[in-house]
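Trainee: Construct the complete structure from the given sequences, taking the supplied hints into account.
Chains as they are written, first to last, in the working numbering: chain A, 11 to 642; chain B, 2 to 143; chain C, 5 to 177.
Don't read these hints as lab results, they were simulated from the structure.
Just so it is clear, the structure is predicted and the values come from calculations on it, not from any experiment.
Careful, some of the hints might be misleading.
Said to hold, decoys possible - Calculated lysine to aspartate or glutamate pairs in the EDC-like style (CA-CA distance at most 16 angstroms, straight line): (1) A:K518 with B:E49; (2) A:K518 with B:E42; (3) B:K63 with B:D79; (4) C:K26 with A:E387; (5) C:K26 with A:D318; (6) B:K21 with A:D551.
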Amino acid sequence: MIGEISHLLSLSAVLLLSLVLIFNLFFSFNQSHSNQLILSMRLFNQACWLVFISFGIYIYLAISDDFSIAYIANHSNSQLPIFYKVTSIWSAHEGSMFLWIVFLIAWSFLFINALDKNHPLKKPTLLMLSLIILGFLLFLLITSNPFERILPFGAIEGADINPVLQDPALAIHPPMLYLGYVGFVISFSFITAYLFHGDFKLDWEQDIKNWSLVAWIFLTIGIALGSWWAYYELGWGGYWFWDPVENVALMPWLAATAFMHSLFASSKSDVLKTWTMFLGILIFALSLFGAFIVRSGIIDSVHSFANDPERGLYLLSFSGSITLLALSVFAYRLPSLKSSKLVVSGSKESFLSMNNILMITSIFSIFLGVTYPLIIESINGDKVSIGPPYYNTIFAPLILIAAVFIMISVDALWQRSMSLRSLFITMAIPTFLSFVSIYLIWAFASVFSLLAYIGIFSGLLIIFSYINRIINNFFNKKYINKGSAVAHLGLGLLFFAVSMNSIFSYEKNLNLAPGQSISVNESVQEFYFKDIRVFSASNHDVISAEVSLLHDGKEISLNPQKRKYATRGQITSESAIHASFLKDTYLTIGDQLENSSWTFSLKINYFIKWIWFSAALMVLGIFLTIFKKKAS
Amino acid sequence: MGDYFYALNSTSNSKKIMKKQLFMAFFLVLSSAAFTQIVYEFENSAQEKRFYLLISEIRCPKCTSGSIASSDAPISRDLKNKVYELILDGSTDKEIKQYVSERFGAFSDYRPSLSGSNYILWFGPFIFLALILAIFFIRRRV
Amino acid sequence: MNQSLRILIILLPIFILVFFTKILLVDEDLKLSSFEAKNFPAFELDDLNGRSVQSESLNGIKLLNVWASWCITCLVEHPFLTKLSKNNVEIIGLNYKDSKSKANSWLEKHGNPYLFSIYDPRGDLAFDLGVTGAPETYLLIDSKVVGHIQGEMNQQKWETIFMPLIQQATQKK
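Mentor: Spelled out as structure tokens, the structure:
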């Protein structure tokens, strides 16, 4: 009964949104424009509230174990803690789509109501948002209905969710990611509305700047959480796998980064507007593409929801139509968008343009990596595998060079060539320090990997040039853009940490019986396999190895485990990690051999904490930018 | 293998012991590898590095995605052992990948070969870059 | 220039749309029929009764089924294999990483649909064939491997994957 109410509320929202569109597109009553807008806003807001309440009821249904609803029966269980009953809602396709839509509506609701009622773009933006929301609500209710019942009696108990999913980081990761993805519907709709409206004297950048920054924060956090979870859970010590689903989250993030940089430029001066508009549309288009890829079932990924082509076709045609609509308006207005000024080479605009060009190319390389296997398989059935070798060769150099352009652009001038002299002054010391560091690192590491060293160099260059700039500006009492500095320091640190990790990290596979001990190398002086125990915990049985290590003089105790969960009989492997400042000692237990010894996989991962810290820095930097006091 | 665990839900002591043994036995592998303490011991560190790099570039034939380095599957273990043997035997990286591809298919290699349509894959981004640069330099107004 | 740029901006998404529609609707059979035929790897192994296996015994049209006594899913496909063998389909077993005694008891207990089973305790032949686990089934035609099914054999896979290949081969003769 309650489920039906929730269902009905969502259906009513569909009706109201349809009314909004029909009124504005087909009928023009003999009412003033402002009255029609007021009516439309009322209908829209009511529709939003209906869905919010509908979702709220759905959460109640999940908490109260209503197993007559198929989705809740399939993904939740009465024994789950309340927190995980709620998070089970977004553990599979229908529920996570519902959440996606709720966030889409939340962003739209907040933005459209915050827009001044006399803002000329309010109505076109409202229509665009209504159209997008309506399309997704219909998708949900027609092809992926979370309200479907198990008839006639419902299930007595739910299936347990995958124990792997009962993890706080993994539970929060989708909402963060979705908040990021759908947040860019604002820039998408507003820019399309602006282009449609055609008044190019309007200032549009300020209206969406902070909204986009917030969405960017969520997207960054979402990606970082996923990466962090994968690191400690999957037992391999890797944090990025170039899995198609990871890639489709990375592409909007890259577009958003390029967009933000372009937006700052175009809001200050009359340049790069065309780029900014295109990028603003591209971000959400890539989010839509991501939703399609993940939910249509055409991709082989451990992440993807198992789905049928019908859903894929709907998503494809709907996303495609929306994107085509926006891009058509963009293409139509393109001639009018030309700036009156020519881009001067060596100017700030030129560096930012180069950055945009390189970032778009890097997005394209990921896009190609994701779609190429699909293309080839559909043409002649061949299977191609694309992974780190491809992305490290193609994507990494592009992004590193793009970052260098951003760095140079900070001290460049608007519409004037940067003199070689000033370039030299800003970059000389950082470049010198970077080379010296590279030399020292090489001497210490005695490993050579061109890509890694370029990464280290690029990262250090960014870090040193920002420190240089901060010190300089501080002593000359010049303005320091804190948000930008912190975020870019984070970026430089990311490049540095990822590259150092790839050079210094190593793995050892060991084979020991309980009670045995071995000296692995100079760094891992002792590896002592004390004991192996079997015991029971709340809903699983555990095999736990007690290992004591002497690593670089420090004694570390690790307990890697194998677990068997009662409900589904699922076996998982829990790695034991000791995270210190410079490195992580990462131990996973493997199989037992006939002579009762066990295999262990010992990974020493360097600079892992620095990677997480760099993500935090970037988020902090964006945060500071949002709350930057306007320069008087 | 799930059949082994029918006994696991009972509570008497001897059954508990049997249950523990069965749980442990689940992870038992019949192995023909010598029981050395350092598995994958090499003659020099260059070989070791080659090994760990290779296994990160060979795809697990049984998994949805991922390399044999990141996989626990029995076939991944077999493949790792084979790569190890081949390195000690003196095979080159290319020969090893060839060996694996002959048996498990061309998609075992995460580094697509530079041949045929794969040119689009490897050079596509650069052609794209050239195109965008051309558009930009011709327009010069942003 | 401007005009062509505008057209490009519109055409590109349309192109991508059409492409993905095609991918979504791609014929499933196309994916499965792209198996490259290869020669059966050389081997020197005995069967489960201790007799050495001759390569001639692989001639003709035969199925090679990878199985083991420890493999649960093999039990699931077993009835179907038995049905096939009763319908004059010749099946050779490849006993994978198993012990002779356990394998023979398993056959005694559940029935033996195989002409004989190659005993591959270390999985060497299986490795050369590209076996990724049990159960798997290969289609052999004149000692060439022309088809491969991962996972359990069933009516649907038999009809959609192997039968077309068999028909093709018998027509050629």
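Trainee: Against each hint, give a clear statement of whether it holds in the structure.
Mentor: Against the structure, the hints:
no.: 1; hint: A:K518 with B:E49; in the structure: 10 angstroms, holds
no.: 2; hint: A:K518 with B:E42; in the structure: 9 angstroms, holds
no.: 3; hint: B:K63 with B:D79; in the structure: 12 angstroms, holds
no.: 4; hint: C:K26 with A:E387; in the structure: 11 angstroms, holds
no.: 5; hint: C:K26 with A:D318; in the structure: 15 angstroms, holds
no.: 6; hint: B:K21 with A:D551; in the structure: 9 angstroms, holds
Checked against the numbered hints listed earlier, the structure breaks none of them; every hint is satisfied.
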